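Asks: Residue numbers (my numbering), protein chains in the order written: chain A, 1 to 265; chain B, 266 to 446.
Keep in mind that the hints were calculated from the coordinates and are not lab data. Remember, it's a predicted structure, so these values are computed and weren't measured experimentally. Accuracy of the hints is not assured; some may be wrong.
Stated by the list, open to error - Simulated pairs of lysine to any residue, SDA-like, Cα-Cα distance not exceeding 20 Å:
id: 1; chain 1: B; residue 1: Lys306; chain 2: A; residue 2: Ala54
id: 2; chain 1: B; residue 1: Lys306; chain 2: A; residue 2: Glu71
id: 3; chain 1: B; residue 1: Lys404; chain 2: B; residue 2: Gly416
id: 4; chain 1: B; residue 1: Lys404; chain 2: B; residue 2: Ala379
id: 5; chain 1: B; residue 1: Lys314; chain 2: A; residue 2: Ala60
id: 6; chain 1: B; residue 1: Lys314; chain 2: A; residue 2: Ala59
id: 7; chain 1: B; residue 1: Lys314; chain 2: A; residue 2: Pro63
id: 8; chain 1: B; residue 1: Lys314; chain 2: A; residue 2: Asn79
id: 9; chain 1: B; residue 1: Lys314; chain 2: A; residue 2: Ala53
id: 10; chain 1: B; residue 1: Lys306; chain 2: A; residue 2: Gly75
id: 11; chain 1: B; residue 1: Lys314; chain 2: A; residue 2: Ser215
id: 12; chain 1: B; residue 1: Lys404; chain 2: B; residue 2: Glu393
id: 13; chain 1: A; residue 1: Lys36; chain 2: B; residue 2: Pro282
id: 14; chain 1: A; residue 1: Lys36; chain 2: A; residue 2: Ala54
id: 15; chain 1: B; residue 1: Lys404; chain 2: B; residue 2: Phe436
id: 16; chain 1: B; residue 1: Lys404; chain 2: B; residue 2: Gly442
id: 17; chain 1: A; residue 1: Lys36; chain 2: B; residue 2: Pro285
id: 18; chain 1: B; residue 1: Lys306; chain 2: A; residue 2: Leu42
id: 19; chain 1: B; residue 1: Lys314; chain 2: A; residue 2: Met72
id: 20; chain 1: A; residue 1: Lys163; chain 2: A; residue 2: Phe175
id: 21; chain 1: B; residue 1: Lys314; chain 2: B; residue 2: Val302
id: 22; chain 1: A; residue 1: Lys36; chain 2: B; residue 2: Ala294
id: 23; chain 1: A; residue 1: Lys36; chain 2: A; residue 2: Ile114
To be verified - Sample of chain B residues lacking proximity to chain A, with all beta carbon distances greater than 12 Å (derived):
id: 24; residue: Ala333
id: 25; residue: Gln334
id: 26; residue: Glu336
id: 27; residue: Ala371
id: 28; residue: Glu380
id: 29; residue: Val392
id: 30; residue: Glu413
Yeah, the Cβ is synthetic: ideal placement off N, Cα and C, and Gly gets one too.
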Amino acid sequence: MILASTLSAASTPPSPGPADFNLPAIFEIGALEVTKPMVLLLISAVLIVALFAAAARPAAVVPGRLQFAGEMAYGFVRNGIARDNIGSHDFQRFVPFLFAIFTFVFVNNYYGLIPVVQFPTMSHIGFPLALALITWVVYNGAGIKQHGFVGYLKHETVPAGMKGPILLLLVPLEFLSNILLRPVTLTLRLFATMFAGHLLLLLFSLGAEYLLLHSENALAIPAGIASAILFVGITFLEILVMFLQAYVFTLLASMYIGEAVADEH
Amino acid sequence: MISTRLVAATEGEELNPLIPHAAEIVLSAAVFLLLLVLIWKLVVPGFEKAYAARTAEIEGGIEEAHAAQKEAQAALEQYNAQLAEARHEAARIREEAKEQGAQILAELRADAQAEAQRITSAAHAQVEAERAQVVAQLKSEVGTLATELAGRIVGEALNDDARSQRTVERFIAELEGESAN
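Please put together the full structure from these sequences, using the hints given.
Replies: What follows is the structure, given as structure tokens:
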């Protein structure tokens with residue numbers, strides 16, 4: 001589609017923007033328009049389950065290659081994220097959730113770099129929003145189960161060692177930041193980095209194409225080469241960012257859970 | 266560029282990327298929860314089983330190593346004890362040998378002394394016997410010589426054998442009588 005639009009408008013430079021993220025529906029089920037990211041999301045779940053179920057099935061003491069690779073990813077989330085942030089007493093029951101979050105975000109982010117696929121699912125805000133809401137339910141639920149409803153609210157909103165009228169200021173602030181804003185920031189962080197990263201890639205790839213092939217300006221060729229080089233550089237940056245965002249989302253989720261189930265601040 | 270933006274803006278709210286689609290939220294939640302359940306049931310137990318088995322194996326290995334170490338320690342102690350014993354034994358044997366050597370040496374020395382004494386006394390006895398023999402021989406020869414000498418000095422008169430013989434015998438008997446007295 002992009003190629004077609006650029007070819008038809010050979011003389012006008014491309015202007016990548018939010019409109020490029022609204023892909024047309026592939027097919028429709030009743031009133032529901034099924035779009036590319038929706039399909040990608042489903043495929044990601046299938047991929048993850050197929051890969052890791054195959055890796056985990058042998059459960060061998062001396063792992064094979066696949067099991068070893070699976071254990072590296074699983075151990076990274078289990079030991080590096082969950083155990084370190086939740087504590088060795090409670091972490092085990094949150095590992096499936098955190099591992100699912102990590103792999104889900106990871107695969108959906110890297111869709112942005114895989115040729116042909118080339119669309120980071122999480123650049124549609126609805127997808128990370130759902131994950132953030134589920135995370136919100138999980139960590140608040142865990143906290144309420146641990147401390148009781150009132151106890152949990154007190155645990156999250158009253159900082160340890162604080163007394164007197166300062167609480168009038170602190171409690172609403174803590175409530176706002178610990179209960180209300182966390183899903184928002186989780187959503188926006190993941191959405192915005194994926195959105196911006198994809199937009200940058202679009203900008204430099206389309207820019208390079210236009211400058212090198214369709215522009216009549218004398219400076220277009222060097223500018224096009226620079227644009228192409230930047231495209232490659234930003235692609236490498238994206239490789240890092242896509243991992244980091246999956247890691248950060250999981251890390252923050254585990255920290256929220258760890259804080260919620262902790263005995264004291 | 267500006268014109269396309271304007272067109273896009275007039276097309277409707279859908280271009281605001283911050284406004285989520287309800288369908289996407291629902292789908293994302295559903296797919297994620299499904300993924301979560303599948304990971305919970307299919308992935309985590311396998312990895313945890315492997316971890317647990319590995320931990321058990323390692324702990325078993327460590328215990329085994331401890332036991333082996335203890336055994337080795339015991340064996341070392343035993344060897345050391347045996348070695349000390351053997352050293353003691355060797356020292357004892359050496360001491361004994363030294364004593365025995367000294368004893369043997371003393372015995373040999375005594376034997377040698379006895380032998381020397383025996384040889385000396387035998388030599389003495391032989392010398393004595395030889396001296397007695399020589400004395401007896403001399404006695405007879407001295408008589409003959411003296412007679413012959415006296416005959417030469419006195420002349421033919423003394424040639425009468427029977428007489429001179431008697432004189433000589435008488436003389437010797439006197440000599441013997443003197444020596445007997």
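Asks: Compare the structure with each hint and give your call.
Replies: A quick look at each hint next to the structure:
With a C-alpha separation of about 13 Å, the suggested pairing of Lys306(B) with Ala54(A) holds against the 20 Å cut-off. A hinted pair counts as satisfied when its Cα atoms are at most 20 Å apart, and Lys306(B) with Glu71(A) qualifies at roughly 16 Å. With a C-alpha separation of about 18 Å, the suggested pair Lys404(B) and Gly416(B) falls inside the 20 Å cut-off, and the hint holds. This hinted pair does not check out: Lys404(B) and Ala379(B) have alpha carbons roughly 37 Å apart, beyond 20 Å.
Restraint check for Lys314(B) and Ala60(A): the C-alpha separation of about 8 Å stays at or below 20 Å, so the hint holds. Between Lys314(B) and Ala59(A) the alpha-carbon distance is near 6 Å, which keeps this suggested pair within the 20 Å criterion. A hinted pair counts as satisfied when its Cα atoms are at most 20 Å apart, and Lys314(B) with Pro63(A) qualifies at roughly 12 Å. Distance restraint check for Lys314(B) and Asn79(A): the Cα-Cα separation of roughly 15 Å lies within the 20 Å cut-off, and the hinted pair is therefore satisfied.
With a C-alpha separation of about 13 Å, the suggested pairing of Lys314(B) with Ala53(A) holds against the 20 Å cut-off. For the given pair, Lys306(B) sits about 17 Å from Gly75(A) by alpha-carbon distance, which is consistent with the 20 Å threshold. Only pairs whose Cα atoms come within 20 Å are accepted, and Lys314(B) paired with Ser215(A) is rejected, the gap being roughly 61 Å. Between Lys404(B) and Glu393(B) the alpha-carbon distance is near 17 Å, which keeps this suggested pair within the 20 Å criterion.
For a cut-off of 20 Å, the pair hint linking Lys36(A) to Pro282(B) stands: about 16 Å separates their Cα positions. With a C-alpha separation of about 27 Å, the suggested pairing of Lys36(A) with Ala54(A) is violated against the 20 Å cut-off. This hinted pair checks out: Lys404(B) and Phe436(B) have alpha carbons roughly 12 Å apart, not beyond 20 Å. A C-alpha spacing of about 14 Å is found between Lys404(B) and Gly442(B), which places the hinted pair at or below 20 Å, so the restraint holds.
Using a Cα cut-off of 20 Å, the hinted pair Lys36(A) and Pro285(B) holds, with the two alpha carbons roughly 16 Å apart. A distance of roughly 18 Å separates the Cα atoms of Lys306(B) and Leu42(A); the hinted pair therefore holds under the 20 Å criterion. Our distance criterion of 20 Å between C-alpha atoms is met by Lys314(B) and Met72(A), whose separation comes to about 15 Å. About 16 Å separates the Cα atoms of Lys163(A) and Phe175(A), which keeps this hinted pair within 20 Å; it holds.
At most 20 Å may separate the alpha-carbon atoms for a hinted pair to count; Lys314(B) and Val302(B) meet this at roughly 18 Å. Of the supplied pair hints, the one linking Lys36(A) and Ala294(B) holds, its CA atoms being roughly 17 Å apart against a limit of 20 Å. Distance check on the hinted pair: Lys36(A) and Ile114(A) sit about 14 Å apart at the alpha-carbon level, within 20 Å; holds. Non-interface call for Ala333(B) relative to chain A: holds, since the shortest CB-CB distance, roughly 21 Å, exceeds 12 Å.
Annotated as non-interface, Gln334(B) keeps its C-beta farther than 12 Å from every C-beta of chain A; the closest such distance is 23 Å. Residue placement check: Glu336(B) keeps its beta carbon more than 12 Å from all beta carbons of chain A (closest about 26 Å). Residue placement check: Ala371(B) keeps its beta carbon more than 12 Å from all beta carbons of chain A (closest about 77 Å). Interface exclusion of Glu380(B) from chain A stands, the closest Cβ pair being 87 Å apart, more than 12 Å.
With 12 Å as the threshold on Cβ separation, the claim that Val392(B) sits away from chain A holds: the shortest Cβ distance comes to roughly 105 Å. Taking the minimum C-beta to C-beta distance to chain A, about 133 Å, the non-interface status of Glu413(B) holds against the 12 Å cut.
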